[in-house]
Structure formats: C-alpha cells, structure tokens
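If you read the sequence shown in the working numbering, its first letter stands for residue 1, the second for the next number, and so on.
In case anyone wonders, no lab produced these hints; they're calculated from the structure.
Please note: incorrect hints may appear among the correct ones.
Said to hold, decoys possible - Straight-line alpha carbon distances no greater than 30 Å define the calculated DSS-like cross-link-like pairs of lysine-lysine that follow: (1) Lys168 to Lys243; (2) Lys168 to Lys267; (3) Lys264 to Lys243; (4) Lys237 to Lys226; (5) Lys168 to Lys228; (6) Lys245 to Lys267; (7) Lys244 to Lys228; (8) Lys228 to Lys245; (9) Lys228 to Lys267; (10) Lys459 to Lys267; (11) Lys168 to Lys237; (12) Lys264 to Lys228; (13) Lys264 to Lys237; (14) Lys243 to Lys228; (15) Lys245 to Lys264.
Unchecked claim - Cβ pair distances, simulated, as ranges: (16) Ala199 to Tyr347: 45 to 51 Å; (17) Val448 to Phe133: 19 to 25 Å; (18) Asn369 to Ala122: 43 to 49 Å; (19) Val445 to Glu309: 19 to 25 Å; (20) Ser431 to Phe338: 50 to 56 Å.
For every residue, glycine included, the Cβ atom is placed at its ideal position computed from N, Cα and C.
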Amino acid sequence: MSQKDVRDISTGKAGSPASNAASSAPQPAPPGKEPGTLTVAESTGYLAFLAIVMYLGWGLINTDGNLILILSGPITTTLHLSIQQYSYVVSAGFFASFVVSLILGPLGDRLGRRFVLQLTLAGTAFISMLQYFINSFLSWFLIRIGAGAFTGSEWGAGGTVLAENFGKRFRGLILSVMQSGWVFGYGLASLISLVTISAYGSTYGWRVAFLFAFLPALLIFVIRFKLKDPKRFEHIKAVNEAKKKGDQETLNRLLGIYNVDVEKVDKHPYRQLFSSDLLRTTLVLAFWNFLTTGIAITTNAFQPVYFEEVRGFSFSAITFMFTIVSFAGILGYIANGFLNDRIGAKYSIIIFALLEVIGIYLTTIVPHNIYYLWPAYILFFFTENGQFSALIRLNTEAYPTRSRATGAIWGGAWWSLGQAVWPLLFGIALSSISFNSAWYYVEIVPEVIGVIILAIAMKNIPPRRELEEIHV
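Required output: the full structure, derived from the provided sequences and hints.
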C-alpha cells in the first residue's frame, strides 16, 4: 500500500477502496455486513499475482528442505553418516527455524509481512547453496542451522498475507493453493535430484543439486518492488497512530472499516497471544503444529532410507515414484480447501489426519512390492499434505489482525520444532527397536492420540466468515 493509500485510510479521502468505505465516521455497514467488517478489496489482477507469488515462495523455499530428504541416501553414503547423524542434521535446521520464528513473528506485526517474506527467502537461498561444500557431519550440521532457519516464518507470513487480502468466499481455496506450493517444491526437488544424480553420479550429483537453492532469491526482487503489505495491516498501523495521538474522530472512522480491539492493539504481540481470549487457541495450536508436522516430516525423511535399505527398492524407482506422486499432494490440498470451506478447518484436519495414519501403516508396516506401494503412497501423500491446507487456515484465522503475523508464525515455530524433535526421537528409537516398531510407536499411535486431543480442546471456526467476524 502506498503512502497515499495510508493517508486515505486515515483521513477518509477519496482515491482508494478503503477511503470510499470510510467516507463518514463511522461508515454504516451495507446489508449483510456487520459494522467494522467491510471488505477493502484489491484488484483481481493483483490478487492473482499475490497468489502466484505466495505459491512460488512457499514452493521454492521448500525445494532446499526437500532436497535433504530425497537425497538422504546418496549424501549419507558419500559422507559415511549414520541414520542417527542424519536425524541430527534434519533436526538442526528445524530447531533453528523454531528460534528464528519466535523472533520474526512480532516483527511481522510491527515492520510488515513483506519484510519477513524478503528476509526468509534471502536467508534460505544464500545459505542453502553452501551445502555444495559440505564434507562431514559437522559441516552439514552447521550449515543446516542457517539454511533451515527461515522456513517456519515464511509459511506464517505468506499465509497471513493471503488471509488478509482474500475475502471469506475464497480464503480456504487460496490458502490451499499456497500450501500446495510445498508439493511443487517436493516435486521440483525430486526432479532436480533425479537429473543431477543421473548426470553426475550419486557421489557428486547431490552437490550439484544444492546449487539450485538460489531459486528463492529470484522472488525477492518481485516482492521488493511489486508486493504491498495488506490493507488490513496498514489499517492496524493507522489505528495505532490515531490512538497514540488521541484522534477519536479518525479512530471512529477507521473502526467503521475494520473493527479492532483498541485496548489491546498496541500491546506486545506475545502479550496478546497469551491474553485470556487467545490463550487456549495459542496453546492448542502450538501442540498440534508440533505433533502433526513432526510426524509428517519424519515420515518423509525416513521413507526414502526405509524403502531403499529395508524394502530393497532402487533409488531410481523410489525417486521416480516421489516425482510423479508428489502432484497427488496438490489434489489433497485443493480437496481439503473445498472441504474446510464447508465444515471448518478443525474437522477437515481431523478427517485427513486419520486417513494419513492409515497411509503410514500401509506404506510401511504392511509388506508390499513396488506395485502395491504406489496406491498406498498416493493415499498417504494425498492426506498428509491435504491436512496442512486447513492447518495454515486455522493458524491465520484464529488470530486478530493486530497479532496475526505473530500468531501464524508462532504456529510455524512449533511446526518447525516438531520437525526438529520428531526425527530425532525416531532416530533414537531406531537404536533400540525395529524400523516397523518405530513407525507404529513413534508415528501412528501419537498421531491418533493427538487427533483426539485436538477434537476435544480446539474450537472449530465456522467457515466463510470475514476475519473481523472471527476475532478483533
């Protein structure tokens, strides 16, 4: 939003959709609208551009993260790493993401969503390329700390941008499209792995693959010059400014556009998250983001090694399956997007998470050949990915605009911590029990228990509500 747009929101001058909605103080709501829930829309072209950029951002930033999963076999073999050492490397990047996300969340509510997006893409792109030079467990471990530090923040910031720009009618679908960018990143990583390993061999090809980690940097220039912070964010800034100046007339006018809890708007975002009205949501979402994402990434991380070393499938057969089936995950995201637009994010998460558990069981514990593995893996990948389109919706819709970036990135932080801790637990379990037992006791049983807790503790947010109708 330009400086002129900010002035228009604050003063009610003509020249922007926001100013037209706020031409008197307060502006009467049109039929079917509550006061303070007006939709200040961007152009259709800009919204399409926004959806594409957020999709590519989430996809490209995850190309790096998925490369270390898909190339786990060649890398561990070349560097002579154990499965436990590999689990430490995977955990290091995600633990760094947890810490960095806790810092960047409040910055997203103070400096803007765009600032966080640029920082996360730049950090991932330039540090990830250094993995070309790794030559030991320690060098890979240290570089992963930097390379993986920004993923959770990008997820929360991107979801916040889309949630605040799109109205209630398409919010679930658009967020599912953004989330499907992960599958784009997974498919792209699979393709890069297949091409580089085929061209340069298993001992050097994986190094070449990491050179493609520069791709997220290409979006930084687009975001810098073309992307605007959401009008809801600029509106919150204007409310804060009017409150500081004691300008009640401007404040009343602003509250006719988007309703805001004026008493809480200037408090530190973490104080808001842990206030009585948001505490339950904050704790439940931390728990569920931690658990379900940790289980999902552990499955993705250890399936390649399991399929190759335990089941005896070739690297090319498994990587080819990952490349093709990865796009079934896109269908899972879209399907859940339509579903959560009708029954709410909570219930669609529960349905998909339970089907994911069945998928984990069928792809691991049940004996199979490659022809059986394909449909079982499709079921797993469809439901594993699909639930996350509802999770990003829950993480963004559950918080008011005044603390939404912090809340969404808080979810991303625990999402990252789960990915740090769970592979580590799985690796430790493998030192004392069999692979199949680890799938059962570290993956399947905890997910079922978690679904029960989510069903009891989390309130369902009714679908197709404007953000200000959910929470102010």
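With a cut-off of 30 Å on the C-alpha distance, tell me whether Lys264 and Lys237 pass.
-> 13 Å, holds
Honestly, do Ala199 and Tyr347 meet the 45 to 51 Å range at C-beta?
-> Holds - the Cβ-Cβ distance for Ala199 and Tyr347, about 46 Å, lies within 45 to 51 Å.
Pair hint Lys228 and Lys267, alpha-carbon separation not exceeding 30 Å | Roughly 24 Å between the alpha carbons, so the hint for Lys228 and Lys267 holds.
Straight-line Cα separation of Lys245 and Lys264 no greater than 30 Å?
-> Holds. Lys245 to Lys264 sits at ~16 Å (cutoff 30 Å).
If you check the beta carbons of Asn369 and Ala122, does the distance land in 43 to 49 Å?
-> 45 Å, holds
Going straight from one Cα to the other, do Lys264 and Lys243 come out at no more than 30 Å?
-> At roughly 11 Å apart (the allowed maximum being 30 Å), Lys243 and Lys264 satisfy the hint.
Regarding the pair Lys168 and Lys243, is the alpha-carbon distance no greater than 30 Å?
-> Holds, at about 28 Å.
Given the proposed pairing of Lys264 with Lys228, does the C-alpha separation stay at or below 30 Å?
-> Holds: Lys264 and Lys228 sit about 25 Å apart, inside 30 Å.
Holds or violated: Lys168 to Lys237, with C-alpha atoms at most 30 Å apart = 23 Å, holds
With a cut-off of 30 Å on the C-alpha distance, tell me whether Lys168 and Lys228 pass.
-> 20 Å, holds
Taken at face value, is the distance from the CA of Lys267 to the CA of Lys245 at most 30 Å?
-> 16 Å, holds
Would you say the C-beta atoms of Ser431 and Phe338 sit inside 50 to 56 Å of each other?
-> For Phe338 against Ser431, whose Cβ atoms are near 43 Å apart, the range 50 to 56 Å is violated.
Against the hints set out earlier in the document, violations occur for numbers 17, 20.
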